Amino acid sequence: KQEVTQIPAALSVPEGENLVLNCSFTDSAIYNLQWFRQDPGKGLTSLLLIQSSQREQTSGRLNASLDKSSGRSTLYIAASQPGDSATYLCAVRPLGGGSTLGRLYFGRGTQLTVWP
Amino acid sequence: GAVVSQHPSRVICKSGTSVKIECRSLDFQATTMFWYRQFPKQSLMLMATSNEGSKATYEQGVEKDKFLINHASLTLSTLTVTSAHPEDSSFYICSASRAAGGRTDTQYFGPGTRLTVL
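Just so you know, the sequences run in chain order A and B.
The first sequence begins at 1 in this note's numbering and counts up by one.
The second sequence begins at 1 in this note's numbering and counts up by one.
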């Protein structure tokens, strides 16, 4: 069974810092990996999706990398802002079919606080 | 595009009552919908996968008679928590996919429903 781990569980930094959030997964047979943002009491907002054949994806100040063979992904946030404060979730979609088709396995998330 | 709504956003009920949560895809047809549950500071755990017009597939450990899922149309899926108990209190999130769980299709998530059972 796929297990997804995110480190650190929480992070508190001053505005302007560059950040790295880590995600690891136990089974490298994935179709893609996705990073989400979740604000308190809210649903999920997709940030970046990396297909298994890709090494990284970028969107604005966000950059996500994927090393499938080692089961790792990192989310890099440049020049952090207070508005970036949220929980960041990593999720993988396995290659398997049948009952696992389309499902996502989530990590517990990294709770980020950026203070002014 | 690709907006998913949930109703209600928050519900408080007494123990023993049943609660229905709706998940709607507003601007696309969702062949597949997924229901997740999230406890505080925990990851989202998939409860079940529902395909329009067929029975839902439940994850191991999820009681299908307690969590009734109906996906009667391409834009609506409902989750009914029957005889709710305080341990059912959680954040329930749905997601919708255009394809039948196809690998090429993205899941779009709803805003979630906070259930509190007294």
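Simulated from the structure, these hints should not be mistaken for lab results.
Small disclaimer: the values here were computed from a predicted structure and weren't measured.
Don't take every hint at face value.
What the hints assert, rightly or not - Some, not all, of what chain B presents toward chain A, calculated at C-beta under 7 Å:
id : residue
1  : V3
2  : Q42
3  : P86
4  : F109
5  : G110
6  : V117
To be verified - Below, in silico cross-link-like pairs of lysine to aspartate or glutamate (DMTMM-like), each with a Cα-Cα straight-line distance of 20 Å or less:
id : chain 1 : residue 1 : chain 2 : residue 2
7  : B       : K41       : A       : D39
8  : B       : K64       : B       : D27
9  : A       : K42       : B       : E22
10 : A       : K1        : B       : E22
11 : B       : K66       : B       : D27
12 : B       : K55       : B       : D27
13 : A       : K42       : B       : D88
14 : B       : K41       : A       : E17
15 : B       : K41       : A       : D27
Glycine residues also receive a C-beta, built at the ideal position from the N, C-alpha and C atoms.
Comparing the hints with the structure gives:
no. : hint          : in the structure
1   : V3            : 11 Å, violated
2   : Q42           : 6 Å, holds
3   : P86           : 19 Å, violated
4   : F109          : 4 Å, holds
5   : G110          : 5 Å, holds
6   : V117          : 17 Å, violated
7   : B:K41 - A:D39 : 12 Å, holds
8   : B:K64 - B:D27 : 29 Å, violated
9   : A:K42 - B:E22 : 16 Å, holds
10  : A:K1 - B:E22  : 30 Å, violated
11  : B:K66 - B:D27 : 30 Å, violated
12  : B:K55 - B:D27 : 24 Å, violated
13  : A:K42 - B:D88 : 18 Å, holds
14  : B:K41 - A:E17 : 25 Å, violated
15  : B:K41 - A:D27 : 23 Å, violated
Of the numbered hints listed earlier, those contradicted by the structure are 1, 3, 6, 8, 10, 11, 12, 14 and 15.
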